[in-house]
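Participant: My request is simple: use the sequences and hints to build the entire structure.
Number of protein chains: 2
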Amino acid sequence: MSDYPKSPLMGQMMSQPLLISSIIKHADRYYGANEIVSRRVEGDIHRYTYRDCHRRSRQMANALAGLGVKMGDRVATLAWNGYRHLELYYAISGSGAVMHTINPRLHPEQIAYIVNHAEDQYLFFDMTFLPLVEAFAAHCKTVKGFVMMCDRDRMPAESKIPNLMCYEELIEKSSDVYEWPLFDENSASSLCYTSGTTGNPKGALYSHRSTVLHSYASAMPDALNVSSRDAVLPVVPMFHVNAWGLPYSVPLTGAKMVFPGPNLDGKSIYELFEQEKVTFSAGVPTVWLGLLTHVGQNNLQFSTFKRTVIGGSACPPAMMKTFREKYNVEVVHAWGMTEMSPLGTACTLQAHHLNLPAEKQQAILEKQGHAIYGVDMKIVGDDGKELPWDGKTYGNLLVKGPWIISSYFKSEGGDVLQDGWFPTGDVATIDADGYMQITDRSKDVIKSGGEWIGTIDLENIAMAHPAVQQAACIGVFHPKWDERPLLVVVRKPGVEVSKEELIKFYDGKIAKWWTPDDVTFVDALPIGATGKVLKNRIREQFKEYKLPTA
Amino acid sequence: MSDYPKSPLMGQMMSQPLLISSIIKHADRYYGANEIVSRRVEGDIHRYTYRDCHRRSRQMANALAGLGVKMGDRVATLAWNGYRHLELYYAISGSGAVMHTINPRLHPEQIAYIVNHAEDQYLFFDMTFLPLVEAFAAHCKTVKGFVMMCDRDRMPAESKIPNLMCYEELIEKSSDVYEWPLFDENSASSLCYTSGTTGNPKGALYSHRSTVLHSYASAMPDALNVSSRDAVLPVVPMFHVNAWGLPYSVPLTGAKMVFPGPNLDGKSIYELFEQEKVTFSAGVPTVWLGLLTHVGQNNLQFSTFKRTVIGGSACPPAMMKTFREKYNVEVVHAWGMTEMSPLGTACTLQAHHLNLPAEKQQAILEKQGHAIYGVDMKIVGDDGKELPWDGKTYGNLLVKGPWIISSYFKSEGGDVLQDGWFPTGDVATIDADGYMQITDRSKDVIKSGGEWIGTIDLENIAMAHPAVQQAACIGVFHPKWDERPLLVVVRKPGVEVSKEELIKFYDGKIAKWWTPDDVTFVDALPIGATGKVLKNRIREQFKEYKLPTA
Ligand SMILES: Nc1ncnc2c1ncn2[C@@H]1O[C@H](COP(=O)(O)O)[C@@H](O)[C@H]1O
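Read top to bottom, the protein sequences are chains A and B. Under the UniProt record's numbering, read the first sequence as residues 1 to 550, first letter to last. Under the UniProt record's numbering, read the second sequence as residues 1 to 550, first letter to last.
It is worth saying that the hints were derived from the structure and are not from the lab. Among the hints, erroneous ones may be present.
Identical chains blur together in the list; that is why a pair holds if it fits in one copy or across any two.
Straight-line alpha carbon distances no greater than 20 Å define the calculated SDA-like cross-link-like pairs of lysine to any residue that follow [said to hold, decoys possible]: (1) Lys306 x His352; (2) Lys443 x Ile527; (3) Lys400 x His465; (4) Lys25 x Lys400; (5) Lys173 x Phe521; (6) Lys277 x Phe302; (7) Lys378 x Gly32; (8) Lys306 x Leu349; (9) Lys70 x Thr304; (10) Lys306 x Arg229; (11) Lys480 x Ala524; (12) Lys25 x Ala351; (13) Lys6 x Lys410; (14) Lys267 x Glu35; (15) Lys306 x Ile527; (16) Lys480 x Lys499; (17) Lys6 x Ala33; (18) Lys400 x Phe183; (19) Lys321 x Leu349; (20) Lys267 x Leu300; (21) Lys160 x Ser313.
Facilitator: This is how it looks when you write it as structure tokens:
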């Protein structure tokens, strides 16, 4: 931040860098007795407190130093949401090294590519990933050792993984006397590769400053709104943009943390919600679909669950409605991306909305929301000119803020900013009150006769139909219009519905020419490593599709 | 922040300084239609929006540039809580100059001293302060001009104030096209002198960075907890540590702002609460005393008021009880000081307290609370050694954090830090959960036979007696014990109570030897410029007091 002109009169405040270690220290000192509960890979429930977590993080920081990990070194993890993963978040970043979370749902070759690109020095992994690690370990050129996150008695008798160590052994033999070092707050803290669907994966390299600022902003009343009386279960994985920052913002606020481990099916999540009195959660729509199905089929209710953030892809309004009306759970629609740490917007009402009729309020809450303080947004046309905030005009969404990347790790992809703004690749409208709504990913938008058709709207309408479990809309070739929409539908188990009925369902809900030309039924949609529907795979699958209108 | 070592690997995030101007920009873009309502010095109610406020702040920034105000220049204000004062907060700091708020309740000579010490270039003042400014203007050596914050038709026909200008005229003739400059976030933003009871007033010089970080931290769910659905009335004056940061944290969250102007009596405040549907407020106990008296005498209730922060001096538990039980208003006890921007702690419960019986919860909520994230605290003995967090051991309270001063303006008072920590001058306990409780100001503590007696406890007990309106406890000379407590009491209007009854009231509530040796009745307690009881004046008054026990 030193490249800005200084005033002739500087403030006289304490100079204190914003460091990730200060979060776990704060949690220990002021919320030390609050719990962290984890369903472990081993299957059992593990409980301890922030005080314990801080102690073990310090032990792990000593262990890392013993392994020769230095400031700026990358240390990788392949792990579910659990307490050991949290300890690594603080031990690695807190000691000045870089926490590199890897998505275990990627192909072994992709993982090896990422590990080599990041030049990871060590790799920590959950027991479940032993076979995966065995598959790619030999291809990792920079990794000096692998650490299995388990007790000593769970270690394999032998393994072809070179220099395989045991997490608990490292902890045991390390002292808990450790002073978190002070260093420049712009130092790299963590690294996360985008699930980029084209080209090589690219890394977002966060700093301590960006992480701390993002934690402050995301914990605010109009964003996550987490207090020390909450119990938070992050369903979104810690390998997916740091679980949207929850491993930082939850300890910072002192809330109880509940980690689900590997089982994210509706039944497992529901049980944990009830047992641990979870009040708040966060995840992508596909996971909530599983939870709602389980709860619906078994006629269950939530006893403590009050609020959830849904993001990662557009939350179907029908899902919000179910949560609100059937289960009395408030849904906060949020939007962000790996390049944004990730939070950019959250959708909550303002004072002057409170007198609006319920449907008007719902319509606002379906949007992705207003920028959280620190982020600024604008929409521009293809010519780069700024477009009006009228809630109708859509354009390319650009963002700016201290927790948004300025470039990718190792300058992969070159200069990415446009005049200081990061182009999100999303197409959106912004209304006069500053509420943003994503109409599409720019690469998913359907170009019909020179006009754009947003696919999110089309999908949301389909998903409001009682027979539809999931829907995706893609553009397929049309000789006259270039592209026309094709709706790809997964029906609810045992429910029938015809093409014609679904097409008719659009009547009056949308401009006539936006209506899909055809509907096709499939058993499942391809889901990517972060739980999002993979549109490019669907497009690939239906590349040769012949529309009845063609 | 550049004096800390850099990692070999720096993060790749946007470099964006934390500047105060970003707050009003954010309020405009994302909460532009939300209201700012002011009861003006002129007597009427003025309303406009954040969008209007931003526009007029830009006009004022242009006006300041026209007056030759440059980065780092100090510009003073003598003003109540109102929209013009808010515009100055942004226009002055946002353009890189330093907002110097002066407490108008000080003596004219003290004001002149402060203006000269700060080397203020211009001084803005509310109409009500015309006579005050006339009294000291001639003594201001650096001030190039005075601006009266009013419409043109309110300007005095003539005045002995040199170069007297009109606020609205400055606005009118200035363009609203203004780009907030970008500069180093550690640049000075604002200046506030402590109401120091001994020695010369000393200035705390805040930076943009400290102000923005303080705003984030203080808006969190476990501190002020302000959302864009709230309506906030800051009773605490904008000249008293920036109204505890509300002029920043409220626009940042987009809440409606309600400014009370000069009338802080119970009736005026109550009317505004009801008319403007205020949900949240903040002030010192003496002001709330006035409000509660008015509401109680007239059998009124609050229709929208839900939560208030009370700080500045210890909030008597009896007051909290009345707010909670009689009016269903949640009280958040908070502690801070001018040197801390000011917020250091806030008192809210944690998850593991929720099962405690009500009295146990109350006992926790009577404390000053846990540090807000960013602040750290410790208690030390007179030898500087750290004392245990057991809720019993008391010691000198030291604090650390990015919004705490490192030294006073112009190094007044020399090196103030002890090993990097700021000594608050307060004596406190901290319990195992990290909750701090002030037992006294170190200079108010009563030293009886080598032991300490905390006066806050003694006062709180007295104020729980139904006949007591206000109470202060001081140490007076005792030949055997050095000092013994004398209780100075203001009775409720028309209510009688005897010395003996009050002394008996302490039975069983406190260690026998802490019980005041005597009680004396007065008509009123001396109140300082920031609404706090002036203990040193009371001590002065009772210097020669002879205790019956002496
Ligand atoms: N909640 C509180 N309880 C007790 N004393 C307080 C509280 N808040 C502020 N103070 C006192 O006010 C001082 C700061 O005064 P000032 O700088 O004028 O705001 C602190 O050092 C405390 O002595």
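Participant: Return the numbers of the hints above that this structure violates; sort them in rising order.
Facilitator: 3, 5, 9, 11, 14, 15, 16, 17 and 21
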